[in-house]
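Visitor: Chain residues, written in single-letter form:
2 protein chains.
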Amino acid sequence: MAATNTVNADLARERQRATFDPEQLTNFLYNGAERTKRKRYLQNLALQDLKKMGFKQYATLSRMEQYELELQKSAYAFTMGDKLGLTDPLEGHYFREAIMPHEPAPYNLHNSMFIDTIEKMATEEQKAKWLPLAKSYRLVGTYAQTELGHGSFLRGLETTATYDPKTKEFVINSPTITSTKYWPGALGKTANCCVVMAQLISNGQHLGMQSFLVQIRDLDTHHPLPGVTVGDIGNKFGYQGIDNGFLRLNNVRIPRENMLMKNAKLLEDGTYIKPKSDRLIYGAMTFIRAVIVGDVGRGLAKAATIAVRYSCVRRQSKIEPGAGEVQVLDFQTQQYRLLPQLATAYALLNAGRNMLLYYIKVTANMNQGSFAQLPQLHALSAGLKALSSWRASEGVEVCRLACGGHGYSAASGLPKIYVDVTPACTYEGENYVMVLQTARFLLKCMSELQQGQQLPEMVTFLQTPPEGRSRLDERLELSDLVAAFEHRTARMVREVAGKVQGAVSQGSKSYDAWNNNSVELAATGTAFAEGYVVMAFAETMSSFTGPLKSVMTALCRLYAVTVMTNNLGDFLKDGYLSSQQASMLQSRVLDLLKELRPNAVALVDAFDFPDGVLDSALGRWDGQVYEALYDYSLRSKLNEKEVLDAYHKYQRPFMESQWRKSDLPVTSRL
Amino acid sequence: MAATNTVNADLARERQRATFDPEQLTNFLYNGAERTKRKRYLQNLALQDLKKMGFKQYATLSRMEQYELELQKSAYAFTMGDKLGLTDPLEGHYFREAIMPHEPAPYNLHNSMFIDTIEKMATEEQKAKWLPLAKSYRLVGTYAQTELGHGSFLRGLETTATYDPKTKEFVINSPTITSTKYWPGALGKTANCCVVMAQLISNGQHLGMQSFLVQIRDLDTHHPLPGVTVGDIGNKFGYQGIDNGFLRLNNVRIPRENMLMKNAKLLEDGTYIKPKSDRLIYGAMTFIRAVIVGDVGRGLAKAATIAVRYSCVRRQSKIEPGAGEVQVLDFQTQQYRLLPQLATAYALLNAGRNMLLYYIKVTANMNQGSFAQLPQLHALSAGLKALSSWRASEGVEVCRLACGGHGYSAASGLPKIYVDVTPACTYEGENYVMVLQTARFLLKCMSELQQGQQLPEMVTFLQTPPEGRSRLDERLELSDLVAAFEHRTARMVREVAGKVQGAVSQGSKSYDAWNNNSVELAATGTAFAEGYVVMAFAETMSSFTGPLKSVMTALCRLYAVTVMTNNLGDFLKDGYLSSQQASMLQSRVLDLLKELRPNAVALVDAFDFPDGVLDSALGRWDGQVYEALYDYSLRSKLNEKEVLDAYHKYQRPFMESQWRKSDLPVTSRL
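Sequences listed follow chains A and B, in order. So the first sequence is numbered by my numbering: it starts at 1 and just counts up by one. So the second sequence is numbered by my numbering: it starts at 1 and just counts up by one.
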């Protein structure tokens, strides 16, 4: 990007008029001044190193070049991460964020799912063999579960692993086209080994899904082994820098010892020994989902940073006739587009942090043998994962569209963020499947309540009496906002539980009653997650004091009231809100926009994203957006030649074929 | 795609159980059996020719290759279009749709904006000179208005055209970085000439925006002319096959005759003659916006076709335990995601058609000297353009996400449709600017009503009394649905007009009162457009009879009731709907889903998109989706070599650097 030393005057003025010190908020977000300092050290180090290495910008490259770039960057990330001794997962996260901002990394699945699966599912003996190979990169692995025809329904997978007691081997096969493994990251060209989920068959019996370690490429030549057909699945909406792959296995034989046998086992004679419990697997899933909440929140925070800064630099049209063009953030509609996204980003980051703390608490209890909180943890993580990925994806697009034409340029950084965030709606549990799981938990709680049982703390609000009326007034007390969301969730759970029970008592099968009410059930699961986000955000206010507390309180109110006014019917329908209260809320949204407007830039500055992490011409700290856009253009591949080969090959012949029909003289100038 | 002769059994069964004949609906959509036949002839011809020419699939190519492909395809489109004598714009549209389905075409702006501007803004003398050059492709042109720093506010453009009476030339300059022309399609590498919008300066006076014809490249060598800096703006979110460009002009001199002088004129001595009227320009804008409504509706129709067919082929999970996996469209949540999108596609296509008919009527009146309907036409086209592009963009993403993981593959065709549809939210008038223009018209009407004036027919419903109550019941009479939307719009207009007037009477400047209520104004403009879509859809029912009429009525109800339940607060707030009616509507949505489910495939079949136009592995007529996905993968560029250069360059050295730290033996097999 163009080097400048001056900060755009509008942006400088925005920073001067902030009412709070963004550094204070940054320290809160990164858990203290020390950790903030460390985060900055790591990110600056990475960004300086990358600059020295002279990499090209991801957005200017072809797909093959993007893949190459990510291989290079990954090598740097892991080599340097080792050198720095980064063991704290958050430090590693920030370090890699600076190296590969919203760019996919080919060794990610190796270092997460592949190694994790071995650590969790392998026996001690297996670990002793495989972990050193994996950790020294003799093996580069991935995790192959999804098939062309099979996604969220694990039991539907078709790949087979048939035990041959004569040779003590499994014979792995992809018996149909739909059984082709499809989508695993790094499977196409990078990995030489993978965990394959397959149907175990022994003595003619189908024994369910198991995990198998299968070498797929020669460790020396990197060529696929006999019986293995493997490759990249082609261009995608995002994730272009990684080789999501397909894999077909044709009578590939692996030793019996390659089945991961910590839980289930297969003896030499083919006898199958059942696993004890799969509750620990649920624990791991909830962890990944908790991480997603924070990750997508961070994606939205970046998009909001870009759009808010740009909206203060961009001057367009006039409010007062005859006066100058105004900063576009001074239009009420622009504030209405962006500030709720900013509030949502803070709300989701906070919910993600809360969720992780809860995960740590629950796993500590689980390690002491208490599994009582696992159902809540699971229900909450599923609901929050869905809500956060939906709202963050939508929000990134709102931010992009609020940047006008330039939001479509890859230079804005926004397209890259969108295509990186939106897959979270699908991976690690499709969102509708997720919120329905949350709803199932809530209905179970309601039924326990009806049977007079004690409810888990997280859902005690289900006891809220149905006839309540909101106490919300102009002051927008946070406790009244939290109460409104609790009332809504309780009402929705009661209503839909009644419908499901009613259908069953009228003779419906329970699965039909469930499916026939699943639209409402999904809405109920989502509403619960929304209420949790508001509650967690409101609780955080005790961490703040002084002017920062006022700003954060306004932000929390804006989040809550925006969700309420976007779903007014939910609160009006049973008379919980009066129509006067509804009008009051709609008008208070506008007041909150005005109140937060002066702090908009300080609030995005507080996220503390260095320019290299935003990777955006529009979101630069110094606001020199036009120079950066122009500079970006100059690096287009189409500009490498003044006149492209395509002109000579395709354009000129076409033009000449048209000239021939006319009798105009051929000249070079008019 | 893989050639197969069999249609997937599930899809075949879906077609058998349809209750109406889709051909009847197709004939309606394409204005009769004759035109349907002609459309099919043209699309088949194009698709067969393209197949013979052996082009690669757009989604598998690099950006440079995509640009080359579109140059090739455009040459075919225009050469063949001439040969076929395609003069009907709709026929041309369908023909090109088959050649470049959701792919941008480098000569589009030449054939639309460049030539149109000359035709509309040039004198007869100028036309005689420039049109033959343009039509014989001596010139390939584009239209350069937008600048790096200036978009929707035309008067803010900075490019200058200073008249030099000595040489009788204009001197064109880009005085600042923000004045760089930025974004015009085909400007970067393809065009050798363009219409440049610039500030006219003569005798030291700034005389406003005018259009100038500026040659930018040598007609023979295609090199940029002296003083011209031009190039491609780089990678984007979509539109990769076209060279959106930047242009800087440094003392570029053009003859006085290159200013388009049909309206304003500049005499030889530098005297400026004002134009008479710019009302005709408004007419042209409304035409383009009317076309956009149908275009984005067609985009959504394609996405719905892909997602609905795939959801009938895809079997995943079980509803009844122990039974087989079900078609995913049998999940109520999947119906809820997709069928309202299908209804929206029909609603938007119909609104676009209505809008075009209205445009034709109004321009006929204008040609006879009556401009009375122009304000309505303008307000309606602005509101519909915004509503349709928002709903279509969102809807395409809903369809994509409903396809699970495979929706992320470029093979699905969905990413290409999204990035082609979403720019319609920004081009030809940013959507918020649009709905605020609609709102301004509505407030003007309300004020005329208060002064006792007669309202234009389109808005007579503003007289609806505020205290009304809805007559909606389970039967969902279309007239009651239309009335509900009219009531909502009337209430919103009254409320926000009251707020704006109230603020002014309390001393606010009218522009401040406007800006401080613009969130509500934007919502009001949008609500008006929504009401128009419902009204127009309901009116169309008179075109249908028998089983088709039942299906279309259900579709119209689904559209209306979905919008209502998504905005329930708007109808509950003033007591227009009771909470019993609100619950009834929510439950009727589910009934309508069930009612429409058996006809879902027939309804998408009726759009009559050939496979080549859908360009989607998931949306194929024959439902052989998995073969097609696998086939797509094989064509990935990353599969051209079994072991990529990137492995040797970046992966292997990294792996070896890690091995060195361990003492594991180096083998090729485990």
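Just so you know, the hints here were simulated from the structure itself, not pulled from any lab data. Keep in mind that the hints are not guaranteed to be accurate.
All copies of an identical chain are treated as equivalent in the list; a pair is satisfied when it fits inside any one copy or across any two copies.
Below, computed lysine-lysine pairings styled on BS3-like, alpha-carbon distance capped at 27 Å [said to hold, decoys possible]:
id, residue 1, residue 2
1, K127, K52
2, K499, K318
3, K637, K649
4, K56, K641
5, K661, K129
6, K318, K509
7, K594, K274
8, K276, K318
9, K499, K649
10, K444, K127
11, K649, K127
12, K127, K661
13, K83, K649
14, K509, K594
15, K56, K637
Visitor: Among the hints numbered above, which are violated by the structure, and what are their numbers in rising order?
Guide: 1, 7, 9, 10 and 11
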